[in-house]
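With chain A's structure known, arrange chain B on it following the hints.
Heads up: the sequence lines are chains A and B, in that order. Each residue of the first sequence is one higher than the one before, counting from 1286 in the numbering used here. Each residue of the second sequence is one higher than the one before, counting from 12 in the numbering used here.
Heads up, none of these hints are tricks.
Heads up, incomplete: computed chain A residues facing chain B, CB under 7 Å, no partners named:
id, residue
1, I1292
2, S1299
3, M1307
4, T1314
5, K1318
Rather than coming from a laboratory, the hints here were simulated on the basis of the structure. From the three backbone atoms N, C-alpha and C, an ideal C-beta is built for every residue, glycine too.
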Amino acid sequence: MKQIIRITIGLVISCLVAGAVMGGVFTVTDKAKKRNEHLAVQETMLGLLGYKDAKQVPADLKLYSIYRYIITDGSGSQYLGYLVPVAEGNETGYVLLKLDLQGKFISKKNIDISPEKAREAPERESALKAVLKPPISFRYADEAIVATLGKKRLAYLLPGEFLGFKTTIKAMLALDPSFGIVGLDILEHEEDPGLGGEIEQEYFKNQFKDKSYDRITKLKVIKEPLPDEYKKYLEKSKWQKGAFSKEQIATIRKKYQDKDIYAITGATISSKAVTDGVKGMIRKFAYRMGKLEAVIVNEKIPAVFL
Amino acid sequence: MAVTKKTNKQLVLDGLLSENPIFRLALSMCPAVGISSSVMNGILLGIAVLFVQVFSSCTISLLKDYIHPRIRIPTYTLVIATWVTVIDLVLAAYVPVAYKAMGIFVKLIVAFAIITMRLEVFACKNPVVPSFWDGVGMGTGFMFGMVTLGTVREFLGTGGLLGHDLIGTRPLLFFILPLAGFFCVGFIMAIFNYVEIVYKRMKRKRSIAQ
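Bound-form chain A, shown alone (with noise of 0.2 Å):
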C-alpha cells in the first residue's frame, strides 16, 4: 500500500514538473511563435500572388478581409454573420451583414472598427459585441482575403484546413475572380517527411495550378508516374536560365491543365486528401462568395473590392 501512495505521487509530481515546464516555455515562445505564423502567412500570401519578395510588390496591392462568423439569436436559430470592408469617403470601415442559412439578406449594421484592429480577433469580437447583444451569441467561422490591384480585383486568398493521413494540414489557397486556382501552399502539417511530407514539394503543390473551377469540381487523383518534363515544369524554383522557352511553357502548360493530380508515390492518401481539401474549401468559397455578391450588389453595400 505504502508502495502505490509513493508510485503514485511519485507520477503525479513528474507529470506536474514536466507540465510546469512546457507551460512556461509556451508561455514565453508564445508571441515570438504567433508572429512567426503571422509573418509567414503574409509572405505565402505574396509568394502565391506571384511577389517573391516585398520590393516587387506595388503600391495599389491591397488585402481586404471578410470575416464569417455563425450567429445564434435566442430562439436558437442560426445566421450568418459577415464583417464585410467599406468603404467610408477615404477611410475603410467594416459593416455586419446578417444573412439567412439561404444566403437571403436580413439586415445590416455598421461595426465600429478599423482595418488594422480587425485583424485581432478579440478585438473583433469587442466590436460586435457591442451590436450583437445577449441572448443573441455569435463564433467565428473563416477568414477570407480579397486581393485588389486598383479597381481591379486580383484575387481571392482563403486560408482554411482539412484532414490530412495523421492530422490538419493548413494551406492556403490562391483563386482567380472566377475561382480557379492561381496557387496553393501548404503552411503547416505533420505528414510523415519523405512520404505524405512531399505534399509541400512543389512538384505536389503546383500540380494544381492553373486549374478552372469546373475542372476542379471533377478532380480526381490518379496512381501514375509523374512525366519527366512536367516535373521540371512544376519545379519552378530550380528552373535555370533558359530552361524552358516560353512556347515550351505554354505546350507543357496546356498539356497538363486538365490532368488529374498525379498522386505521391507512398502517399496515396495524403496525396488525395489534399486533393479533396482543395475541391471543398474552393466549392464552399465559391457558393458563399456567389450569395454574399448578390446581397452587396442588391443592398447596394458599398465594399471595398467591388
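Positioned in the frame of chain A, the structure of chain B alone reads:
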C-alpha cells in the same frame, strides 16, 4: 550494467560503429525504413534526434536517484516529451527558418525506441558526463545510419544527391519506395555483421600467432 568504464571517446565511437543504433542495436527501425528516402531527411532527423537524446540523457542521469524504479519508463517518456515540446516551441519562436525545415521531424521523436532504450540502459546508471557522451555517440550514430541509408536510396532511386541531379536518369525508382527501406537496412546490417566477423577472426589469428 554497472557504471561504465569506457572513456568518452570510446563512448562516441561505440555509438557510431560497434553499437550503431540502426545497424547494430536494431532500434528505431520505423524512421530508418520510412524516412530515409533522401540524404536531407536523414540529416535533419539525425540532428533532431541528437539534440533530444543528449538533453534527455543528461536530465535522466541527473534525476536518476529520485526516480522510483517502478515508474521509470513513464518518467522517461515524460522527459522526452518535455524536451521535444520545448525544442519545438523554441525553434518555432526564435529560429523560424530551422523550424520550417525541421518541425515535422522534431514532432516525430517522442515515440522513438532508441532514446527510451538509451535512457534505460545507460543514462539511469551513469553520471552526467558519460551520459552526455553516450547521447552524443548515439545521436551521431543514428544520423550516420540515416545518412548512409539516405545516400544509397536517394542515389539509386532518383539518380541524385541532396536534390541535385548527378547522372541524369533514375536508375531504380524502387529504392525511394518505403519497401526498399527494409532491403537497404538489411543489406547494410549484413555488411556490418560481416565486418565484425572478419575483424574478430583477424583478432583471434593475431592472438594465436603471439
